Every structure is written in C-alpha cells, then in structure tokens.
Amino acid sequence: MEKATVVVIGGGATGVGILRDLAMRGVDVLLLEKLDMVNGTSSRYHGLLHSGARYAVKDQEAARECIEENLILRKIGKSCVEATEGLFIRLPEDDADFEGKWVEGCRQSGISAIPITAEEAWQLEPNLSHQIISAYRVPDAAIDGFRMAWQNIDSAARYGGRVKTYTEVIRIISENGKVTGVEVRNYFTKQTYCIGCDFVINAAGPWSGQIAALAGLDVNVQPDKGTLIAFNQRISSRIVNRLHVPSDGDIFVPHGSITILGTTSMSVKDPEDTSSSFNEIESLLKIGEKTFENLRKYRVLRAFAGSRPLYSASGGQGRGASRGFVILDHAEDGLHGFMTITGGKFTTYRLMAEKMSDIVCQKLHVTTPCRTAEEPLIQEVSEEVKKKARKYFPAYGTELAATRLGAERFQRIVERLEKNPEERQLICECENVTLAEIETVVKEGTSYTVSDIRRKTRMGMGTCQGNFCSLRSVGVLSRCDVIADKQQSLTQLQEFLQARWKGIRPVLWGNALRETEMARGIYGVGLNVNGGNPE
Amino acid sequence: MINSDVIVIGGGFAGLMAAAVSAKRGKKVTLLTYGSGSFPLNSGLIDIMARPTDDAVCATPVEGINELPAEHPYKKIGTKILEDAVSFFMELCEEEKYPYSGSIDKHQWAVTALGTMKPSCLVPKTMLGDLCLKKQEIVLVGFNGLKDHYVNIMEENLEHCLGNKKNYTTVMIDTDIEDGRDITALDIARWLSTPHGYETCLRQLRSAVKANSVVILPQVLGLKHDYSIWEAMKKDLECDVMETTGLPPSANGLRLRNLLLNYLKKHNVTMVENAKVIHSTVQNNICRSITTKTAARERTYQSDHFILATGGFYGGGLQMENFPEIKEPIFNIPVQFEGKAEEWANEKLFSNQKQPFAEVGIHTDQQMRPLDVEGNCFLNNVFVVGRNLSGYDFCFEQSGNGVALVSAYQAAMSL
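Line by line, the protein sequences give chains A and B. Just so you know, we're using this note's numbering here: the first sequence kicks off at 81 and counts up by one. Just so you know, we're using this note's numbering here: the second sequence kicks off at 185 and counts up by one.
Keep in mind that the hints were calculated from the coordinates and are not lab data. The structure presented is a predicted model; accordingly, all values stated were derived computationally and were not measured. We treat Cβ as the ideally placed atom computed from N, Cα and C, and that holds for glycine. Please note that a few of the clues may not be correct.
Computed footprint of chain A on chain B; a stretch qualifies when at least three of its residues, placed anywhere within it, have a C-beta under 8 Å from a C-beta of chain A [said to hold, decoys possible]:
1) 290 to 303
2) 421 to 433
Reference listing, derived: stretches of chain B covered by chain A, where coverage requires no fewer than 3 residues with Cβ under 8 Å from a Cβ of chain A [stated by the list, open to error]:
3) 218 to 226
4) 310 to 322
5) 497 to 504
6) 566 to 580
Make the full structure from the sequences, and use the hints.
Next up, the structure:
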C-alpha cells in the first residue's frame with residue numbers, strides 16, 4: 081500500500097503551503113486533490129495581495145497578519161507579485177466617518193496609508209472618477225495565484241513533497257480513534273484504493289465541511305460565492321479600492337495586461353457552484369462605474385466565480401463572518417490524527433500553513449523550524465538564460481514565461497527552442513505560449529485535460545479565449561502518450577470550449593459576442609466538434 | 185458623386201453573391217467592402233440545412249427546409265427561389281472553371297480537421313468526404329511545422345466515424361519553407377503551387393499510398409480557384425485525394441472569394457475596398473445615398489437600390505455595446521431581443537437548442553426589405569441579406585452560406 085506520514089487534502093493555496101512547509105521540515109507529505117491543482121478558490125479570486133487596509137476597521141488581527149505576510153510574499157515570491165501599490169478612494173456616497181476610523185485602523189495595524197489629493201490621484205490614475213473626495217496610497221499588490229501555487233509545488237518537490245491530482249478522498253480510515261489512512265478514487269478510471277498515513281490535514285477550503293463529514297465530523301464552513309469580471313485591458317496601474325465598509329464590486333486589481341473587478345458575496349449550498357449570472361455582472365458594473373466612470377467602454381473578457389470558505393463556530397454569514405482562519409484538532413472530537421484548517425484568505429496562506437505545520441511537527445516530534453518565510457519559492461532565472469530566450473519570445477513573453485516556469489523548467493524550454501526551430505511555434509498567440517512549453521508541461525505527466533495545461537501555461541486565457549489554441553492544445557495533448565487515462569480528444573475539446581463559454585456567457589455583448597460567433601464558426605461549423613455520421 | 189443601379193454593402197459571401205446576381209441581370213453595380221466576411225473562416229462550403237429543429241441531422245437539406253418554422257429566411261423566400269439560387273451558384277462556379285458538387289437532395293459530408301464528418305451541401309470537388317466510406321486505405325497527411333492540423337486527432341475521430349475495419353496511416357511531410365515565422369495552411373498551399381514544393385511533397389507521399397487509398401490533406405491544394413494541383417496529385421499518386429476543413433485562414437474560402445471577385449470583374453462591377461459606410465440619407469422611405477469613410481476622405485454614393493450585406497455581430501453589421509441594445513449602424517434598422525437577460529444565451533455553447541442570440545437580427549418582408557417594430561416596410565429600396573437577418577442560427581442549423589446565397593439571390597431578383 082502507498083504510504084505517507086501526512087496526507088494533505090486540497091490543492092489550493094493552503095494545501096500547497098502546508099505541502100511545502102512540511103516537506104522543507106523533512107516530513108514525508110503527500111497532497112491529494114480531487115481535480116487539478118488550483119482549480120478552486122485559490123484561482124477564483126481577485127489576485128489581490130492585501131495590505132490589510134481592507135480589514136483595518138473591522139478586524140485588526142487580520143489586518144496585521146495581512147501586512148506581515150504581504151511583506152514576506154513579496155520577498156519569497158518575487159515573480160508572483162506585481163508591486164503595483166493600491167489606492168483607497170472615497171466617493172461622495174461613502175460614509176465620511178468611516179474614513180477617520182479607517183485611517184486610525186491602518187495606523188494601529190502598522191499599514192502605511194499616505195493621503196494624497198484628488199488631483200494627485202488623477203495624475204496617478206487618469207481614468208479614476210472625478211467625484212473623488214479623498215484618496216490614500218497603501219502597499220497593496222497584485223499576486224498571481226496560479227504561479228504562486230506552482231512555485232510552492234516545485235519548491236516542495238525539491239524536498240520530496242508529493243502531489244496526486246484527480247485523486248478524490250472518499251473515506252477517512254481509522255482504527256481505535258486514530259487515523260490510519262484514506263481511501264481515494266481516481267477521477268478518470270473511477271478506480272479506488274487506499275493510502276496509509278498517520279495524519280490527515282483537511283485543507284479543502286469551502287469543501288472542508290464535506291471532508292470532515294467523511295469522518296463523521298461537523299465543521300461549519302459556509303461556502304460564500306464571489307463573482308468577478310476580467311477586463312481585457314489594464315484600466316489602472318494600481319489596485320483601486322473604495323474607502324468604505326467592505327462591500328460588493330469595490331476592488332479593481334490590474335494584472336499584466338488585464339484588470340479584475342470584484343466581487344460579490346453570496347452564500348451558496350455547494351462550492352462547485354461557480355456560475356455567474358447576467359444580473360450579478362450588471363450589479364458589479366454598476367458599482368464599478370462609480371470608480372471608473374468610463375468602465376463600460378472597456379472590453380470584458382469573461383466572468384468567473386469562486387467560493388470563500390467562511391468558518392463560523394456560531395453561524396455568521398457573508399462579510400459578517402470572520403476572515404481569520406481556524407485550526408481544528410479533531411482529537412478533541414475523538415479522532416486522533418485528523419485536523420481541519422479553514423477560513424482565512426490567500427494573502428495569509430503561508431502563515432496558515434506555518435501554524436498548521438507547527439502543530440503537526442510537534443506531534444511528530446520534528447523540531448526543524450519553519451523556513452518558508454526566508455527561502456524564496458524558486459531560484460531566480462539568470463540573465464544569461466533570459467538573453468537566450470529573448471531570441472524566441474517577444475520581450476513581454478520572456479518575462480512572463482520565465483516567471484511562470486521557474487528557472488529549471490525555463491532553461492529546459494529555452495534549450496528546446498534553441499535546438500528545435502519547429503517548437504518555437506506559438507500555440508497560443510495571445511499569451512505567447514510556444515509548442516516547446518506546452519510539450520514540456522504535457523510530458524511532466526500531470527496535465528490530463530486542456531484546462532490543466534491552461535492553468536499551468538496560461539494558454540487560452542488571452543484575448544481570443546481559446547478560439548485558435550484549443551484545437552492545437554488538444555492536438556499536442558492527445559499525441560503525447562505520457563498520460564494513460566486521457567479522455568477522447570473530442571470530449572477534451574468540447575469540455576474546454578464549454579469551460580471557456582461558462583465565463584463568456586454572462587458577459588455576452590461587444591467583442592465577447594463577436595468572438596463567440598467566431599468560435600461557433602470555427603468549432604461548430606468548420607470542425608463540427610459535436611460529431612455526426614453520414615448514414 | 186457616383187451613380188449606380190445597385191450598391192451592395194459588404195464583401196462577404198452574401199455581398200459578393202448579391203453583386204453577382206445583380207450584375208448578371210444587367211444592373212450597374214457598385215460593391216463596397218470593408219474586410220472579407222467569413223471567407224477565411226468557413227472553408228468555402230455552402231451549407232444549406234442539416235439540423236432544422238433538434239440535434240438530429242435531417243434526411244436531406246430540402247427535407248430539413250420543410251421542417252423549418254415560418255420566421256426562417258428560407259421559409260419566407262420559398263423553395264422555388266432557393267433552388268434557383270443554388271442553380272445560379274452552381275452555374276457561376278462552372279463558368280469560372282471551379283465547379284462545385286452537390287444538390288439540396290443530399291448532404292455532402294466533408295471531413296474536418298478534427299476527423300469528424302460535417303454535413304454540408306455544395307462543396308468543392310476536393311472536399312467530397314463520402315469517398316472515405318468507399319476506400320479501404322485512409323492516409324492522413326500532416327505537415328511538420330503546421331500547428332493547425334493534427335493527424336493524431338484525425339485518426340482517432342475518423343476511426344470512430346468510419347469504423348476500425350479500415351486501415352489508417354499517418355504521414356508527416358517535411359516542407360522546406362523558410363519564413364522565420366509560424367506557417368499556416370496558406371503557406372503550404374503556396375509552396376505546393378511551386379513545382380519544387382509539389383515534387384518534394386509527392387516524393388514523400390508516394391511510399392504511403394497503396395491501391396484503394398484516399399489521401400486526406402489540410403486545405404493546401406493551391407490558392408487559385410482551379411483543380412490543377414488536385415488533379416495532378418490524383419494522377420501522380422493514382423489514388424483519391426481530399427482536403428479537410430480547418431482552422432482559419434482557409435484556402436478554399438479564399439478560392440471561393442477569388443472566384444467570385446473574378447466573376448464580378450468580368451461583369452463590370454465597380455469594387456471599392458476598405459470603404460466603411462458610416463451614414464445613409466433617407467427621404468420619404470427611400471434611401472438616396474450613403475457615405476463611406478476611408479483614411480483620406482468621405483465619399484457619397486447614390487443609387488436606386490441598396491443591398492445591406494454587412495454581416496451579423498461577427499462582421500459588425502450588428503453591434504451590441506451593452507446588453508440588450510442592438511444597433512444596425514448604417515440605416516439604424518431596429519433590431520430587438522425580446523427575451524430576458526438569462527434567455528440571451530444557452531447554458532451550453534453547443535447543445536440541442538439554437539442559440540437565442542444567434543437568431544436575433546433584422547426582420548424583412550419577402551423581398552428582403554427591412555421592417556420596423558410594427559412590421560411595416562420603411563425603407564423601400566433597401567434589401568437585407570446574409571448574417572444580419574433574423575430567424576436562423578447558422579451554426580446550429582449548418583446553414584450559414586446557404587442563407588447568405590438564397591437571401592442575396594432573392595434580394596437581387598427583387599430589385
């Protein structure tokens with residue numbers, strides 16, 4: 081039977097953080113994810129590395145944690161963070177009293193909030209509303225959730241940390257009140273088998289209630305859905321927050337060449353519910369255009385949604401519930417070796433992982449201290465390799481690829497590009513993803529679907545939303561024989577197009593509508609992706 | 185000021201056909217184009233009707249047409265005119281020495297770059313997919329460096345379509361195109377048009393071909409609208425040769441476009457490229473003139489009749505800046521979506537239902553003249569053809585170029 085000392089359930093930020101932390105301390109750790117890594121909450125959010133200012137009034141502790149972790153992540157995850165800084169702006173409809181409390185809250189939490197005049201704010205961000213009453217600069221930053229997660233996994237792997245995707249835990253096995261293993265099921269083959277372990281850490285985010293229930297335990301995690309909009313342009317250079325009691329649609333986060341606006345907050349039964357409706361989008365735009373008056377002139381790329389895991393011992397809901405995190409040792413419920421970590425937010429994932437790992441290490445009598453705050457996630461890519469890469473990537477593409485791939489993989493890919501001119505083909509023109517990169521990622525054997533490749537490479541995430549690269553990626557994936565459990569190529573393509581459509585459907589006007597007609601022309605008419613047979 | 189009998193606005197298939205029919209009838213035609221519509225997208229296949237109501241493919245295109253609801257453009261126009269339009273097109277292609285095959289009594293199945301089979305109606309001779317049913321040896325050809333064509337997927341799906349009793353072979357051809365950029369099917373088509381490219385390809389194909397083979401290539405058999413490369417290859421390999429549909433840019437779409445432009449030239453149609461129409465002048469329900477804008481200046485054109493073939497949302501003939509306001513930018517013809525926001529689009533991109541947004545468009549009378557919200561004709565000398573019409577889903581039905589052809593024919597005959 082396959083074994084690990086610690087099994088971590090959940091391939092989100094918290095899970096990969098724990099994987100890395102424990103692996104670095106020499107613990108034999110295996111992470112299990114029922115689908116692909118980072119497909120849940122950790123990739124379905126703003127990508128905002130909080131300064132803590134958003135929590136400065138309501139939750140000083142969360143605010144302090146944010147600013148501390150903000151500074152740490154900038155250091156260890158340099159290439160995941162875009163140090164944009166942030167603005168808080170107050171508009172006429174925002175409560176004036178709140179501003180005073182907020183300034184005081186920031187001061188107490190150690191968050192720098194520098195007041196600037198409205199004129200200065202417009203100079204920094206010309207698209208901003210002309211109704212601004214007051215504005216502050218805070219150390220917010222943009223962070224790439226995918227990249228952060230891959231780099232944690234790569235870092236963990238160097239210390240022996242293992243990952244299994246498409247492996248769903250269906251049973252927690254225990255003997256005499258002590259965990260001895262888990263039973264899992266492969267998503268593709270449906271085959272079930274057991275993995276032995278001494279500890280199980282439930283880091284399944286909004287799914288952690290369901291995981292706890294497998295052990296007959298009750299963990300009150302309320303999935304709270306947030307819908308977001310991705311614009312095809314950078315509307316501002318900085319993150320822009322509304323200076324009022326945290327509410328819907330009041331944060332804009334620029335990333336690379338796009339901007340994300342969010343979010344809504346809505347209790348949902350099932351964290352799998354990542355749908356977004358026309359109405360949610362309309363309400364986000366209505367609020368958003370208060371911050372940027374010309375917002376509707378910008379092309380919307382897609383909408384997406386994810387669920388926050390809101391924990392409440394007593395049943396608080398929505399933004400009223402705590403954004404702090406909790407660790408539950410279920411030994412107290414009579415099951416030794418089973419723990420749940422939930423609540424929290426992306427910005428504090430590392431701290432959460434540290435606290436969780438401290439507890440496990442204590443039980444395992446491992447005394448190695450946590451080093452995740454000191455050691456960078458990846459080695460820096462050398463200038464020499466970047467210089468070589470610039471021959472094959474457009475300038476913007478070099479930086480992007482270097483940071484998303486990490487030093488070692490990037491070097492391998494650049495070598496392939498040097499050696500095999502054919503592999504320089506751009507499979508995804510929008511995001512500058514070459515054939516060499518897609519093949520390298522596919523051959524690692526952890527991509528089972530085109531969406532898996534997308535999450536690792538960004539193919540299909542750009543302006544054309546997969547109109548051209550979908551067929552190509554399916555072609556590359558299906559000719560690679562590393563993966564035995566692959567789906568049929570038509571199914572792959574249909575599922576990928578449908579997944580892209582899910583985010584386009586609620587924003588189906590303007591250019592998104594044009595692209596959709598093109599997609600239907602290419603895949604529906606030209607390629608008859610639905611199949612069919614002559615009699 | 186330029187005077188004509190007819191001004192056709194739009195350089196897609198509908199516009200070119202409307203100009204062709206008008207010119208054939210002896211009208212003085214001016215064609216204003218801004219882009220080339222969906223020619224680069226749709227492989228130049230004339231789909232007429234494959235799925236009139238649900239996901240079942242109808243027995244024949246003509247039977248499918250009979251099942252359509254009354255609002256469908258085909259129903260409005262009638263089968264008699266549809267048949268005339270098809271004949272007109274077939275004769276035109278014949279005249280231009282690039283005859284198409286097919287009739288509305290039978291689907292012509294084309295092989296796609298995915299290895300699926302697609303029901304179409306009027307197709308070039310290089311894309312008659314039924315041949316695959318008859319041949320035992322299926323030879324799938326790819327080109328090294330061509331990122332838009334994957335023989336491995338084709339093999340998988342064709343085997344699914346045609347059964348595993350046939351023999352499937354894949355061949356990858358090395359080209360010696362040195363361009364410093366990614367190559368497309370058009371580059372290979374150009375290469376195959378050279379004696380060197382053709383010989384190089386043939387040499388590599390020969391060993392793979394056995395008796396009773398059909399060789400299936402992406403659309404690379406030349407850019408000109410003739411069958412010379414196809415015929416030569418059939419003769420040299422002594423087997424059947426076929427092209428698939430594929431990702432844009434499609435060579436056969438461009439062949440069809442060139443064929444039509446050639447025909448228009450011969451029939452003295454005045455063609456103005458890159459002419460974006462920005463304005464129309466209408467008095468007493470009669471359009472007097474339209475104004476175009478090019479980089480240099482604005483220009484006004486007068487005419488007795490105007491045919492609007494500006495496309496749907498993809499082509500820009502209809503625009504939706506914000507839901508649910510739809511705009512037809514030249515004549516300001518009212519277009520409305522009656523449903524609720526959540527009814528605008530289906531949950532599935534492809535399903536057994538037509539997409540509501542796809543069926544939105546301009547309502548017309550039987551002569552293709554646009555109607556206002558009350559259903560009255562308000563522009564007596566303007567005719568609407570092609571993708572900006574209401575009442576059909578080109579993708580679901582597989583009817584795009586068919587509706588373009590038939591509505592263009594009807595409009596041009598109504599002048």
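We went through each hint and held it up to the structure:
Counting residues of the segment 290 to 303 of chain B whose beta carbon lies closer than 8 Å to any beta carbon of chain A gives 9, which meets the minimum of three for the stated coverage. Using a Cβ-Cβ cut-off of 8 Å, 4 residues of the segment 421 to 433 of chain B lie near chain A, which meets the minimum of three, so the contact claim holds. Figure legend: the segment 218 to 226 of chain B, annotated as covered by chain A; annotation consistent (3 residues with Cβ-Cβ distances under 8 Å, at least 3 required). Only residues whose C-beta sits within less than 8 Å of a C-beta in chain A count toward coverage, and the segment 310 to 322 of chain B has 3 of them, enough to reach three; the restraint holds.
Note: the segment 497 to 504 of chain B has 4 residues with beta-carbon separation from chain A under 8 Å; the three-residue rule is met and the coverage holds. Counting residues of the segment 566 to 580 of chain B whose beta-carbon sits less than 8 Å from any beta-carbon of chain A gives 3, enough to reach three: the coverage restraint holds.
Consistency note: the structure conflicts with none of the earlier hints.
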